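Student: Listed below are the residues making up each chain.
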Amino acid sequence: MPAIDPQTLRRVYRSLRLIRRFEEEVARIYPADKIKSPVHLSIGQESVAVGVCDVLAADDLAGGTYRGHAVYIAKGGDLNALMAELYGKDTGCTRGKGGSMHLMDIKHNVIGSSAVVGTTIPIALGYALALKREGKGRVVASFLGDGATEEGVFHESLNFAALKHLPVIFVCENNFYAIHTPIARRQAIPDAICERVKTYGIPAYRVTDADVFKIRDILADALPKMRSGEYGPIFLECHTYRWREHVGPANDYDAGYRSTDELQPWVDNDQIPRVAAMLEPDERRVIDADVEKVVAASIEFAEKSPFPPPSELMTHVYA
Amino acid sequence: MPAIDPQTLRRVYRSLRLIRRFEEEVARIYPADKIKSPVHLSIGQESVAVGVCDVLAADDLAGGTYRGHAVYIAKGGDLNALMAELYGKDTGCTRGKGGSMHLMDIKHNVIGSSAVVGTTIPIALGYALALKREGKGRVVASFLGDGATEEGVFHESLNFAALKHLPVIFVCENNFYAIHTPIARRQAIPDAICERVKTYGIPAYRVTDADVFKIRDILADALPKMRSGEYGPIFLECHTYRWREHVGPANDYDAGYRSTDELQPWVDNDQIPRVAAMLEPDERRVIDADVEKVVAASIEFAEKSPFPPPSELMTHVYA
Amino acid sequence: MSTRDLGQDAAGNTGGRVLRYVDALREAVDQEMARDPRVFVMGLDVDDHKALQGSTKGLLQKYGPERIFTTPLAEDAMTGTAIGAAMAGMRPIHVHIRMDFLMLSMNQLVNMAAKAHYMYGGAIKVPLVVRSIIGKSWGQGPQHSQGLYAMFMQIPGLKVVAPSNAHDAKGCMLAAIRDDNPVMFVEHRLLYPTEAYVPEEPYTLPPGKSRVVMPGGDVTLVGISNMLVECLRARELLADEGVTAEIIDPIWLSPLDTDTIVKSVRKTRRLVVVDNGWTMCGAGAEITSRVAEVLGSEGIGFQVQRLGFAPTICPTSPTIEDLFYPNPARIAQAAHRLVRPKAPEWKPDPDRAVLAYQKQFRGPF
Amino acid sequence: MSTRDLGQDAAGNTGGRVLRYVDALREAVDQEMARDPRVFVMGLDVDDHKALQGSTKGLLQKYGPERIFTTPLAEDAMTGTAIGAAMAGMRPIHVHIRMDFLMLSMNQLVNMAAKAHYMYGGAIKVPLVVRSIIGKSWGQGPQHSQGLYAMFMQIPGLKVVAPSNAHDAKGCMLAAIRDDNPVMFVEHRLLYPTEAYVPEEPYTLPPGKSRVVMPGGDVTLVGISNMLVECLRARELLADEGVTAEIIDPIWLSPLDTDTIVKSVRKTRRLVVVDNGWTMCGAGAEITSRVAEVLGSEGIGFQVQRLGFAPTICPTSPTIEDLFYPNPARIAQAAHRLVRPKAPEWKPDPDRAVLAYQKQFRGPF
Ligand SMILES: Cc1ncc(C[n+]2csc(CCOP(=O)(O)OP(=O)(O)O)c2C)c(N)n1
Ligand SMILES: Cc1ncc(C[n+]2csc(CCOP(=O)(O)OP(=O)(O)O)c2C)c(N)n1
Ligand SMILES: [Mg+2]
Ligand SMILES: [Mg+2]
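Residue numbers (the numbering used here), protein chains in the order written: chain H, 23 to 341; chain Z, 23 to 341; chain L, 63 to 427; chain F, 63 to 427.
Chain H on its own, in the form it takes in the complex (with noise of 0.2 Å):
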């Protein structure tokens, strides 16, 4: 691996860190209840958000599925906008409305996310329909699950983003899970996505092991090509694992449906300790005290914000 330059390794690492810390303190205010929508964290596999929007420019548009917390963050959408929107206040980057499930920061270009698995696959293409006749080489990023290629839209859509050379980035987070459901007992061949998306003409690249920098590097080397219109779409799949239950803030390796064994590498291959290592110790310092700061003042934000008023019941039906 090439040396990776200091600024990278800082901007990495910190992005790293505020997902997890983020979440992490999601996790722990939950069971007071305070959190009043579902929520699917990422604690685990946040080298795929980071890796990739590490490499967006900030006009470049990325979306991410219900399990959204780490394609917002990593994309820099307001944090205070983010757990205020978990608290369900006013504040909220939804105001209150959508909740953990349906995120969006138009102003940091997080398109908005969705709790019907595979809906926001086409709508990234609608967006890169639009991006393309703008021609300034901006793309859009697709964030899906491994249990979304399964679902029909995901076909229809690599079919139409390669016919009409959209510029998207298909990322397939495989935490080989859907709910509790092993990808072998939903999948015919379960390691044959890559291969599959390839017949649509569509490059497709796999990453299996979580390194945030190959997951940088392969998307580094693609973004230029696609700016240029020399790519049209490509596929990326990075596998990756969910520490925690689906839904909610718990463990769950006591259910049964899986094994701290299987979890354990993971642990292992953990990119934050990974990246920290990396820093020079005061580097490292700095950033973690910067983002404690960040996360408590998300935490104190969205504590002291207001939930909507009444009135936001009816407004924004209709545009």
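These are computed hints drawn from the structure, not numbers from a lab. On a predicted model such as this, the values are computed, not experimentally measured, just so you know. Glycine included, C-beta positions come from ideal geometry on N, C-alpha and C. Some hints could be false.
[Claimed, not checked] Negatives, chain L to chain Z, calculated, CB over 12 Å:
| # | residue |
| --- | --- |
| 1 | Gly116 |
| 2 | Leu121 |
| 3 | Tyr125 |
| 4 | Pro218 |
| 5 | Lys271 |
| 6 | Thr320 |
| 7 | Arg331 |
| 8 | Gly361 |
| 9 | Ala405 |
[Claimed, not checked] DSS-like cross-link-like pairs, simulated, lysine-lysine; straight-line CA separation at most 25 Å:
| # | chain 1 | residue 1 | chain 2 | residue 2 |
| --- | --- | --- | --- | --- |
| 10 | Z | Lys129 | F | Lys187 |
| 11 | H | Lys186 | L | Lys119 |
| 12 | L | Lys124 | H | Lys186 |
Given the coordinates of chain H, work out where chains Z, L and F with the ligands should sit on it, guided by the hints.
Tutor: Just chains Z, L and F with the ligands now, with coordinates in the frame of chain H:
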């Protein structure tokens, strides 16, 4: 090609000829407005239905699309009931209710066709699930067009069929067009269908010259493996060509979306004269005469049959 | 009266040319594409030589393949793509040759298009028009004949419009394209050849007001899409009997103006609503309920009869297909029964009825 | 009265045990799987340790993976597969954890399941049960909270049932599985823990008759699914004011028995229908219209008010989510307004209202 036994030769020729002549008669009668539903003719495409259905046992199942006369006839569906159905008569195979696009003859194991592209693909999986449970080695053949492979349900169905090892023969009648739009304007990689299907672990075969015996041989070879359970689903793509307009009885080479140059090779390669030439002239005359007789009889049957009584409007809404 | 005159009535415009419904639609889209570069058309077969029964004719030649293009067979993803493009600031018109096929688009329409503006806190809008055609006649059969607009009326966040004539088709289409919300634009195959006076310059017919198409005192007839035309014919049959029917066209089904209808029923005390789909939980049920809520609170009783598709599946065979649909004779009979409950069962003269029914394919009525 | 007593009322059975709604559902499916080898269960996550909120618990252990299995994420194809299996003579139960996801199954349900028996001339049947749960409370939000059963009521060929209590859940499930037609079985998340007396032996509660759950003379309250429970609570609040409400549970929404409702309104002259979804083109609109058609023809006037989800998108924030749903206080107020139009605006004592509302999670009511 190994010598074909005379019986098979006669059977295949009769089936090809019967479909061709039946539909030519439909086209002839059509302008008289006696036929009461839109017709999608298979003229030119007969060899696919015949090649597949000739190998199937009487108790195997087959279902086609709204372009379904050929499959219905090739599978042994009642010819009188078919013509009567086109006439909208009470003696029709669906009692005048479904018309040309919703053919069914359960007695001869012709499962229903549908006017909504792709809808019958998962229906076939359901039948296959039941056949597998039954355990007698019966299979179901599900015909679909090249356009149907673009629908998400096709991919969802491939995955489930492979996952559950279902006895389904997917038969893609690739005539290169969906209505007036060529496949190259609809599919990013127009000739990747088989390759894509293989990524589900499904054996896929392609016949590019509509050779009725090649189609027959592929299935004859695979079928025993399906019955024994060694094979789950298989996929068969057959290139073919629609000679007439998408819907209706006429030619449309003047419409501008395709040329007679494109048609010509398919006419030269027409399987009916080809197979006819393999027969003794007398054999052929006997078959031709018989075909004329049964087609004429079906017309007479349809003409003489009554329309459904008013009471039929409200019967069969609920079982 | 004839919907030819609507050029005057509605837009207060005495000019205009006699235009067919299909040409009025095409003209509206053409004018808006010329005015607003964000507008584009997508959908199966919109760019082939048949141009979706002529409704997109010439647009490819004029605006090129970037702004009007066919799609793969992929209703779910194509609907999502249209929605995403709308969120991104474009103004897509997504076209379906049959309304039945919208069942493949329900997830995107109900769970995304209708909710995006709200659930994203107003951050984005979905200025989308979804055109679909209700098929009828001649063996269209179970899956090419459905009028399913009531499903969309159910969903807050969607708007629904079903113009009954060429004049309204143009005004509603222009209003729909300029609307910042997803609009389900419901057309009817049998209306395509019908003619009306249509002003040349652009004009919009936005939601807000149902139209009293014809005045009458004995019974109020509300007809949806081409059932409005059938109601006009029924009115002629009733006139022969000395019964005068007030004909109302809701035009926009969501948001829905029922004040105009309530006002009429307050006068006639009799209501017949003719749906262009099944009556159960249909537009007629909504209209009837709103009238009942208002008049009930005023202590005013009224008689009502809903008509629509027979509660069965649409068959292809003509003898029973004919019984599936309301027609002028059946509408007139239902109205007559309300007006003269004690009178002997009346049937309009078959020839008159047939004549009225034949008219359908000619127009102007 | 309490729905615990339904064991007596309906099945005329005084035995039975107190069972939760979720367990009654599970028991019905269990008993039918034991009785009929053609019955099987499919759907996302039906066989994991959470067993779809407990509703499929133990079935895997008892019947094995051939008869109860999870599926890929592929609602469209899985629905088609279930329909095909039904056509082939099996009796599938296809389960969805949220009704919202049915939008992905609309094409197969509306264009195939509802029409197959008819359009194939009666040659095959579709004995299919589609279970789906309406989500509510606590941040379920825009896409996990919808009650979309009216869409299915619109479609001839489908049946729709929405039991409000454990006793009916079992009887309706057994009737649905034994029905030779596709049945949309509508459940509600908040009903799962509610209890009622449930006979142990199998019994069916087929379509045909709405039930008068509680007698009353001043106003008729019709509640759908768990809104029936809310109506029972509203009745208590109204009783404090000396207003007696007759409570009716339609149970089956299609086919729908409105005779029982008409009979009640003929007496009370006042109707409040509380939908478990949006009111526009909802079940309440159908019920109101049928009452208006019958009573109008008899010259009987009546007052009516429909309630249901607010005409907006379901938000996650609790302060406004609470305003999205009808509740006992709002139902009682609406009824009170009809009974005493001239009385000053009445608000039930907040504590009483809250209490009634709290009850929801306990039961038996
Ligand atoms: C269309 C649809 N079907 C089912 C569900 C229920 N559901 C919620 S999350 C989930 C699993 C999705 O798995 P995957 O795509 O791998 O994402 P992950 O949760 O692993 O990040 C399912 C089935 C849903 N939300 N939407
Ligand atoms: C879901 C759906 N979308 C669109 C249509 C309109 N349509 C009817 S036939 C057809 C073309 C299908 O092409 P293909 O699958 O190749 O079959 P072919 O007609 O060539 O035999 C289309 C788009 C439809 N019937 N159903
Ligand atoms: Mg996953
Ligand atoms: Mg084709």
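Student: It remains to establish, for every hint, whether it holds in the given structure.
Tutor: Status of each hint after checking the structure:
With 12 Å as the threshold on Cβ separation, the claim that Gly116(L) sits away from chain Z holds: the shortest Cβ distance comes to roughly 14 Å. No Cβ of chain Z approaches the Cβ of Leu121(L) within 12 Å, the least distance being about 16 Å, so the stated non-interface status holds. Even its closest Cβ contact with chain Z, about 17 Å, leaves Tyr125(L) beyond 12 Å, as expected for a residue assigned away from the interface. Every C-beta of chain Z lies more than 12 Å from that of Pro218(L), the closest at about 27 Å, which supports listing it as non-interface.
No beta-carbon of chain Z is positioned within 12 Å of the beta-carbon of Lys271(L); the least distance is around 37 Å. Its beta-carbon lying about 31 Å from the closest one in chain Z, Thr320(L) satisfies the requirement of being farther than 12 Å from that chain. Every Cβ of chain Z is farther than 12 Å from the Cβ of Arg331(L); the closest lies at roughly 32 Å, confirming the non-interface assignment. In this structure Gly361(L) is separated from chain Z by more than 12 Å, as the shortest Cβ-Cβ distance comes to about 38 Å.
The Cβ of Ala405(L) lies farther than 12 Å from every Cβ of chain Z, with a closest approach of about 25 Å, so its non-interface assignment holds. Restraint check for Lys129(Z) and Lys187(F): satisfied, since their Cα atoms lie roughly 15 Å apart, inside the 25 Å limit. With a C-alpha separation of about 23 Å, the suggested pair Lys186(H) and Lys119(L) falls inside the 25 Å cut-off, and the hint holds. Between Lys124(L) and Lys186(H), the direct Cα distance comes to roughly 21 Å. Compliance with the 25 Å bound is thereby established for this hinted pair.
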